[in-house]
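K.L.:
Build the full structure now, drawing on both the sequences and the hints.
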Amino acid sequence: MITVEKLHKTIKKRKILSDVSFTVAQGECVGLLGPNGAGKTTLIKCMTGVLHYEQGNITFHSKPIAEHKQAIGYLSQHTDFKPWMSCAESLRFFGKLSGLDAAVLQEAIPAVLEEVGLKGKESYKVEQLSGGMKQRLGIAQAILHEPQLLILDEPVSALDPIGRNEVKKLIARLKKRTTIIISTHILDDASEFCDRYIVIKDGVIAGTIDSQLQQADRKQILVKTAKTPPASGIWAGDGVAHIERLSPSAFLLTGTEQLDLKKVVNDMDA
Amino acid sequence: MTNFYTLTRTELAEAAKEYKFIWLNLFFVILGVTQPLVHNYMDVILENVGGADGITIDPNRPVPSSGEVLLSTISGQFNQIGLIILIISFMGLIASDRNSGMQDFILTRPVSLQSYLMSKLAGHWLISMFAIAIGAIVSYGYTIFLFGSFSFSDFSLFLLMYSLWILYVISLAILISTFIKGPILIAVATIAASIFFILIKGFNQLAFQLSPGGILNVAENYLLPGREVNHFSILSCGMFIVFNLWLAKINLNKQ
Chain H
1 MITVEKLHKT IKKRKILSDV SFTVAQGECV GLLGPNGAGK TTLIKCMTGV
51 LHYEQGNITF HSKPIAEHKQ AIGYLSQHTD FKPWMSCAES LRFFGKLSGL
101 DAAVLQEAIP AVLEEVGLKG KESYKVEQLS GGMKQRLGIA QAILHEPQLL
151 ILDEPVSALD PIGRNEVKKL IARLKKRTTI IISTHILDDA SEFCDRYIVI
201 KDGVIAGTID SQLQQADRKQ ILVKTAKTPP ASGIWAGDGV AHIERLSPSA
251 FLLTGTEQLD LKKVVNDMDA
Chain G
1001 MTNFYTLTRT ELAEAAKEYK FIWLNLFFVI LGVTQPLVHN YMDVILENVG
1051 GADGITIDPN RPVPSSGEVL LSTISGQFNQ IGLIILIISF MGLIASDRNS
1101 GMQDFILTRP VSLQSYLMSK LAGHWLISMF AIAIGAIVSY GYTIFLFGSF
1151 SFSDFSLFLL MYSLWILYVI SLAILISTFI KGPILIAVAT IAASIFFILI
1201 KGFNQLAFQL SPGGILNVAE NYLLPGREVN HFSILSCGMF IVFNLWLAKI
1251 NLNKQ
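As they're listed, the protein sequences go chains H and G. Here the first sequence is numbered in the working numbering, starting from 1 and rising by one per residue. Here the second sequence is numbered in the working numbering, starting from 1001 and rising by one per residue.
Result set (EDC-like, lysine to aspartate or glutamate): computed pairs, CA atoms no more than 20 Å apart in a straight line:
(1) Lys1249/G with Glu67/H
(2) Lys168/H with Glu146/H
(3) Lys224/H with Asp202/H
(4) Lys82/H with Glu1018/G
(5) Lys1254/G with Glu54/H
(6) Lys125/H with Glu1014/G
(7) Lys1017/G with Glu89/H
(8) Lys1254/G with Glu67/H
(9) Lys96/H with Glu1014/G
(10) Lys1249/G with Glu54/H
Read the hints as simulated data drawn from the structure, not as lab findings.
P.N.:
What follows is the structure in structure tokens.
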């Protein structure tokens, strides 16, 4: 569905992304995992067409991503709408920019507000909303035009536990009907709904983790590393009892008990 | 076109929410009224504020013409303190969108950079010209009442030409906004660049012909005929506006 090939991005002579390549298939929910400053937001901004990149290709259904803006819903890291607008006005604004006409918006706005749990808040000004409500409004604007791909940049990082929970439940519901790419530096935030993780460190892909396997049996994790072979002694002390090499870069890690995904991710070299 | 219309409408709605249509208009009305009143009642004002000791006002001084008064009001007051206030009022035109993340939201929609930049230009030009036109019309009323009649068509043509200068200044602010993040710095740089383009037209004939500031001479000639005028300035000003927007687009595209 979306393919990123050999992407390079430099900002003020500093290399932010280097040779980044991956593919996300239709219906997948993929977590972009990495510490702060790893290049996740830059990668997302390149994918949404906000940032220009020097080298590489980003295609959506084999066509340049810029031709498919209509098919993408995006929530930025810092959700800050026009504070004087009401929830309904904000959605009308973004809906119109997405090419939806007034008649469609008339029906779509109440429906989407209900979906994100903001029913009855149509007339509330953005400045009156809590952090969690703003984030849900952000998701509402991202799904209003029913995109095929939803890109969420750190959607829960800045929220309190209650707001975090609300937004996580909402994303888990959206996962059933759309492809999602979600960036986070907190693994626990993504572990409830991601099928796969792409680990990014210092602007390069460190590897991928198939979390479906991890969720089915928390004793096993399928890991694909970018470095082949990975550093010797990697994952030692992470509770990994056995490493089965499936290919030069794919490893099935088996633990004596539930594996700590956080430790496995941390040990992956960039 | 729909996106341009939606974005421009939002700019105007935001200006209304920030009461710009009140305080900016009020400011230009005060500027517009003050100059003709001061010109006409200078001796009375001096007397009322403690007399004119040490200052001699020639009772036979020539009474300025309506055109001269309008020129000193609009080209003088409006284009100095008025322009500074205008620039301060729109210094955040792109910076605030960028700093709040709104620019990212807008540009991930199927919105072209041209539509985005043109909406900023059109929105702020309409806000500025609304205030300037109201201030200028009030000033025109006071001037013809106190100093005699003046052709309204010439006055309108002056405003039309002056609006091109305002369009140029806004395009300059847009361009500078794509380079600088801080609103205060954007305002200072735009004010400095505008002053530079006003001054440079007096350097030599080539600068006079090429500087977008030359449009001010074209405008002022409608108030006080006889000034050196180069109608190529209209084209040059238009070309500079297009150039500023083009450069701003390239710069935003690069980011």
